[in-house]
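Please model the complete structure; the sequences and the hints are all you need to start from.
Going line by line, the protein sequences match chains A and B. The first sequence lines up with residues 1 to 291 when you count with our numbering. The second sequence lines up with residues 1 to 306 when you count with our numbering.
Any given hint could turn out to be false.
Unchecked claim - Ranges between beta-carbon positions, derived for each pair:
# : chain 1 : residue 1 : chain 2 : residue 2 : range
1 : A       : Val33     : B       : Asn269    : 20 to 30 Å
2 : A       : Ala121    : B       : Arg207    : 41 to 51 Å
3 : A       : Val193    : B       : Asn124    : 50 to 60 Å
4 : A       : Gln124    : B       : Ala284    : 51 to 61 Å
5 : A       : Val122    : B       : Arg8      : 45 to 55 Å
6 : B       : Ile45     : A       : Leu40     : 58 to 68 Å
7 : A       : Asp54     : B       : Ala268    : 16 to 26 Å
If you're looking for bench data, these hints aren't it; they were derived computationally from the structure. Where a beta carbon is used, it is the ideal one built from N, C-alpha and C, also for glycine.
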Amino acid sequence: MPSSTLAAEPERSPWRDAMQRFRRNKAAVTSLVFLILITLVCVIGPWLLPHAYDSTDWDALKLPPALTHSHWWGTDESGRDLLVRCLMGGRISLMVGILTTLTSIALGVVWGACAGYIGGAVDQVMMRIVDIMYAVPYLLIAILLVTVLGRDFYLVVLAITAFSWMDTARLVRGQTLSLRQMEFIEAARAMGVSTPRIVFEHIVPNLLGLVLVYATVTVPSVILTESVLSFLGLGIQEPMTSWGVLIHDGAQMLDSAAWLLIFPALMLSLTLYSFNYLGDGLRDALDPKDR
Amino acid sequence: MLAYTFRRLLITIPTLLVVIGIVYILLFSAPGGPFDSERVVPEAIQAQLMSKYHLDLPYWKQYLLYIGQLLQGDLGVSYRYADWSVNELVSGALPVSLAIGGLSIVLSLLIGILMGALAALFRNSLVDYLVMALGSLGSVLPSFVLGPLLVLAFAIGLQWLPSGGWDHFSWPFMVLPVSLLTLINVSTLARIMRASLVEVMNSNYIRTARAKGLPIRLIVFRHALRPSLLPVVTILGPLAVSSITSALVTESIFSIPGLGILVVNGAANRDYTLVLGLVVLITAMVVLVNLCVDLIYAFLDPRSRA
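Here is the structure:
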């Protein structure tokens with residue numbers, strides 16, 4: 001929310017203010033650049049590299065990483081190129097992260113905005129459901145979901161979505177409660193605008209900043225959950241791979257081929273770190289009163 | 001306080017029923033029953049099996065039957081481990097998980113609160129930097145990365161400890177798993193304790209106490225510590241839920257025969273009753289922890305008893 005409006009400079013919108021504040025934050029900008037880079041590399045890389053992620057190089061089983069041969073990050077025990085596998089794993093991990101975040105944020109925003117705006121008994125019931133969902137050990141249910149329904153990519157997304165929307169819903173509800181008291185909403189109501197239109201055209205757009213910040217924090221936590229599922233052998237299945245699968249495989253070969261753990265772990269950790277920094281930067285930029 | 005306790009208890013019952021309901025719906029929507037196998041079983045035997053486990057009844061009757069069983073403390077029979085009841089499987093695994101989990105919670109509360117408090121009182125000191133570093137480490141190195149790294153360092157590199165396994169609670173097998181869980185929890189707890197104590201120390205009434213000339217030791221122990229513990233208590237609920245994640249991962253990394261392994265294997269084998277029983281048990285424990293946390297919170301902060 002804009003803390004002050006500068007009448008003298010009409011072109012300075014709150015979003016531009018935020019952009020400026022964000023650009024001054026070096027850590028956040030670096031993180032953003034890194035994330036864009038890693039996404040590009042993961043998307044384009046596998047096409048440019050000479051090896052396929054699922055093909056075996058019989059002359060190079062468990063080859064240590066070196067720049068002198070074509071497997072720069074080495075190979076695993078069945079001779080598959082680790083670099084390509086890390087990039088393919090990145091594709092899946094990032095895709096799960098982004099897709100799940102989009103669905104869970106959408107669900108959370110609609111849920112929270114409706115509960116907050118309609119209020120009364122509806123609000124009570126909706127928020128009680130959120131309370132109940134909080135108490136559920138989500139990983140167990142997610143494990144159950146993927147065992148029962150199968151381990152398809154989309155089912156993994158669904159399973160994680162089902163248990164990652166509650167934070168957003170709570171946050172959005174709180175914000176909606178305070179927005180509801182504002183004059184422009186009252187004016188819309190006085191003009192006879194219907195409830196769904198007030199919620200989606202007047203309340204939701206005002207929540208975008210908050211939602212953006214929240215989305216950047218949700219992506220890493222979703223990537224983590226997917227990795228845990230895959231690590232336990234209950235997520236993405238071979239020959240497809242994700243960072244969690246790679247870390248799991250690496251952990252099995254620790255004593256003889258530590259690079260199989262180190263490289264995927266490094267990629268995952270750097271990505272998580274960048275998302276956290278980006279989230280902090282966005283929060284500082286969009287919410288000046290918090291500084 | 002009594003009325004609050006009662007109201008809080010009333011909410012926990014629907015939570016449990018809903019969880020059991022969700023799990024039930026999931027299991028019944030699954031393609032394939034627990035007795036589908038490669039072997040062709042005569043129809044009569046199949047029917048007998050189904051009726052023995054009440055699988056031929058309508059779903060709502062099975063649900064009610066199960067709830068009735070639960071009320072008597074019976075989690076049913078495992079479909080896959082023949083001749084084992086879920087109760088027997090659980091009673092073997094629960095002490096193992098509780099020993100590791102309990103030990104790490106006690107340790108991480110002690111270390112986390114102490115480190116967080118020291119970091120807040122001596123800002124920009126060595127402890128402070130350590131707490132900050134640990135905090136960001138915890139968010140970057142998840143349990144399933146940190147665990148194998150610990151194994152690499154202490155079991156494979158230095159060869160001080162076994163890389164996994166379990167032998168009747170003998171301590172060398174417990175050191176690495178407990179340290180892993182403790183490290184993860186300490187990073188959260190210390191960060192929260194630091195932030196909250198810093199805020200309390202900057203508040204008006206502490207300034208008044210200082211102005212009055214009270215020695216710093218008295219200020220900290222008598223005035224600052226109790227309110228600064230509130231956020232730590234709050235985080236214990238979510239921490240209990242996330243501990244399940246780290247426990248699953250830890251038990252799988254170090255091959256510890258605890259509840260986590262049972263869950264993962266049960267899920268992989270489609271052992272319906274086993275998974276259902278474990279989910280009910282673990283949810284009940286989490287709900288209980290949340291209840292305790294709320295009650296402790298209400299006790300520490302009378303304003304929250306609304």
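Verification of the supplied hints:
1. A:Val33 with B:Asn269: 20 to 30 Å: Violated - the Cβ-Cβ distance for valine 33 of chain A and asparagine 269 of chain B, about 46 Å, lies outside 20 to 30 Å.
2. A:Ala121 with B:Arg207: 41 to 51 Å: Distance hint for alanine 121 of chain A, arginine 207 of chain B holds at roughly 45 Å.
3. A:Val193 with B:Asn124: 50 to 60 Å: Given a distance of about 54 Å, which is inside 50 to 60 Å, the answer is holds.
4. A:Gln124 with B:Ala284: 51 to 61 Å: violated (25 Å)
5. A:Val122 with B:Arg8: 45 to 55 Å: Since the Cβ atoms of valine 122 of chain A and arginine 8 of chain B sit about 23 Å apart, the hinted range of 45 to 55 Å is violated.
6. B:Ile45 with A:Leu40: 58 to 68 Å: holds (59 Å)
7. A:Asp54 with B:Ala268: 16 to 26 Å: holds (23 Å)
In summary, the numbered hints that this structure violates are 1, 4, 5.
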